[in-house]
Amino acid sequence: MDELVRAVEATLFAAGEPMSAEQISAHLGGANVRDALAELAAHYEGRGVHLVERGKRWHFQTAADLAHLLRREKEEVRRLSRAATEVLAIVAYHEPVSRAEIEAIRGVQTAKGTLDVLMEAGWVRIVGRREVPGRPVIYATTPDFLIHFGLASRRDLPGIDELRAAGLLDPVEDALAEAMETAGEAESAEAPEQEESAD
Amino acid sequence: MDELVRAVEATLFAAGEPMSAEQISAHLGGANVRDALAELAAHYEGRGVHLVERGKRWHFQTAADLAHLLRREKEEVRRLSRAATEVLAIVAYHEPVSRAEIEAIRGVQTAKGTLDVLMEAGWVRIVGRREVPGRPVIYATTPDFLIHFGLASRRDLPGIDELRAAGLLDPVEDALAEAMETAGEAESAEAPEQEESAD
Amino acid sequence: MSGDTLIDGPAITLPEDDWQGIGTAASEDAALYLELDGWEGPLDLLLDLARRQKVDLRRISILDLVDQYLTYIERAEALRLELAADYLVMAAWLAYLKSALLLPRDEQEEPSAEELALRLQLRLQRLAAMRDAAARLMGRDRLGRDVFARGAPEGLRVDRKNKWQCDWFALVQAYGQVKARTQPVVHMVRDRMVMTLDSALARVSSMLGVTLDWMELGEFLPAHADPRLRRSAMASSFVAALELARLGKAELRQDEVFGPLHLRGIKA
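Residue numbers (our numbering), protein chains in the order written: chain C, 1 to 199; chain H, 200 to 398; chain W, 399 to 666.
One chain only, chain C, in its complex shape (with noise of 0.2 Å):
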């Protein structure tokens, strides 16, 4: 292999950014680099890096058709915390339904994030504002939810009644869940409703 192609090859392999021919003479004792440069060029084409000429300097750089390697994405699946799933059940039971319901179903603050982490999981939206005072975001569940966790539609997710019978809850006093009993069928008996009428 020539020693000149060899010199411009590392020379412009090294340098922190790309050079002119009459740069890369210079640095190389006034060697006329011309052929150098073409020989170079041909020999890269096809290759996973090429060298290209931009404005009359010349730079290695990945060839384009395989760019999508410099950047990848990486997928992490990660497990909804608890409280992200609290809220995903409430919007879903409940939807649409602002921030401020949510902690008042829950009875805690919901910080911003939780909200954050569904939407970026693809599960709960924005559907619009609540037309009173503040006028406050309304957020409902997205229909890859539904494709998610294998649901038709939100019909299907079980009421209290289900649950317990499930064994989903946890043991309570007897009053209580029996007083949950009524209330939760008041609830999605009423639910539609109720939404519509709030608003």
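Don't read these hints as lab results, they were simulated from the structure. Worth double-checking, as some hints may not be accurate.
[Stated by the list, open to error] 30 Å max Cα-Cα, derived BS3-like pairs, lysine-lysine:
{"hint": "1", "chain 1": "W", "residue 1": "665", "chain 2": "W", "residue 2": "647"}
{"hint": "2", "chain 1": "W", "residue 1": "577", "chain 2": "W", "residue 2": "561"}
{"hint": "3", "chain 1": "C", "residue 1": "74", "chain 2": "H", "residue 2": "255"}
{"hint": "4", "chain 1": "H", "residue 1": "255", "chain 2": "W", "residue 2": "559"}
{"hint": "5", "chain 1": "C", "residue 1": "74", "chain 2": "W", "residue 2": "561"}
{"hint": "6", "chain 1": "C", "residue 1": "74", "chain 2": "C", "residue 2": "112"}
{"hint": "7", "chain 1": "W", "residue 1": "561", "chain 2": "C", "residue 2": "112"}
{"hint": "8", "chain 1": "C", "residue 1": "112", "chain 2": "W", "residue 2": "559"}
{"hint": "9", "chain 1": "C", "residue 1": "112", "chain 2": "W", "residue 2": "577"}
{"hint": "10", "chain 1": "W", "residue 1": "559", "chain 2": "C", "residue 2": "74"}
{"hint": "11", "chain 1": "W", "residue 1": "647", "chain 2": "W", "residue 2": "577"}
Knowing the structure of chain C, use the given hints to seat chains H and W on it.
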């Protein structure tokens, strides 16, 4: 040209630092890149840029024989004091090694700062403690050390095989014991009856 | 560095010309000084002297080496130079070693002078080996000095994207737990007809006053009461019967286990 070879070439050209075969593979969706690496290394042999393996990690670098062309505009690398170079050599050839062991070889106290300089350069690191009274910290070289000095592995350390064969990496005590034994044998050769009775 | 070590040439004349450790003072002011900092301690100086023997370190003459060291230190003292303590300690030790080496072998103490000399020799070999290794290491093609990585790598970016995981069960359970946690606790006791113990006592004792015959407990209950009231009345009347018996106002009879309970009043 093989697409995988192109992809490996592009990845290593673009990478900011050396990559192991596993890292390259992970970046390229799990492909087996060993053959591609070998092919690339062979292709670049003799060119102005080489593909080299240092401590199981691969990177491109300019050919060593072109150093005179490239050096002039580059900053001179950090000059190490004589003490620091000696300490570095002792760590590299004896690792893992405690400060007391370094001092035993050099015959002088080693300033804490000397080891700090080597750790700051990224060539030496603490790898644990020796389980002897006082539990002294022990030092070893880093992957960056191999990269900087162009060593594929510690086995490439200049003259390490000869030093080991000559027993020069063994502690003085061991060598002394061995030498005394040899001397004893030589002596006993002169007085065979004594030696046999001692057996 | 040895190059920094300055000493006036004529003042200390060492046997060989290729002396590496000591240079000639650049200035003519005749200020003689010896910079022992040029060596990293006595062992370093000894190694320098040993190398001047121009033989393999395995074959150096320890006696010659000791002599050279002691000469060096004596001259330094003659020049009234301050010597670091460790150089003097080494000098004293070497003087001892020399005298021991000169003794007939039988008179030597343990450890023998030969062993001490050998130990010194081994140490010098090891230091020399590491010094050479360091020089060879530094002379390699070093990244950033002799070989160069790509000047402007594009860099590989891995954008991490979270894929959130949650299942139906967790979702539904979470909702159930929110409900269980936040539902106001309402304890409702239904209005129930009961017969209190007081009223049972009054009723039973007044009915006992009417007749002296044995009466079964059931006969004391309200005849057409609601079944739930009857259960309450039965319990209260039983406790009332026990209370009246305790007070000596009535006596109880039960003919068999779980059989009907009879009671009658006792005349005061």
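Quick rundown of the hints versus the structure:
This hinted pair checks out: residue 665(W) and residue 647(W) have alpha carbons roughly 8 Å apart, not beyond 30 Å. Under the criterion of a C-alpha separation no larger than 30 Å, the hint pairing residue 577(W) with residue 561(W) is consistent with the structure, at around 28 Å. Note on residue 74(C) and residue 255(H): the hinted pairing holds, with a Cα-Cα distance of about 24 Å set against a maximum of 30 Å. For the proposed pair residue 255(H) and residue 559(W), the alpha carbon gap of about 29 Å is at most 30 Å, so the pair holds.
Distance check on the hinted pair: residue 74(C) and residue 561(W) sit about 10 Å apart at the alpha-carbon level, within 30 Å; holds. Under the criterion of a C-alpha separation no larger than 30 Å, the hint pairing residue 74(C) with residue 112(C) is consistent with the structure, at around 25 Å. Distance restraint check for residue 561(W) and residue 112(C): the Cα-Cα separation of roughly 19 Å lies within the 30 Å cut-off, and the hinted pair is therefore satisfied. Our distance criterion of 30 Å between C-alpha atoms is met by residue 112(C) and residue 559(W), whose separation comes to about 19 Å.
A hinted pair counts as satisfied when its Cα atoms are at most 30 Å apart, and residue 112(C) with residue 577(W) qualifies at roughly 21 Å. Distance check on the hinted pair: residue 559(W) and residue 74(C) sit about 6 Å apart at the alpha-carbon level, within 30 Å; holds. The suggested pairing of residue 647(W) with residue 577(W) is violated, with an alpha-carbon distance near 56 Å, which exceeds 30 Å.
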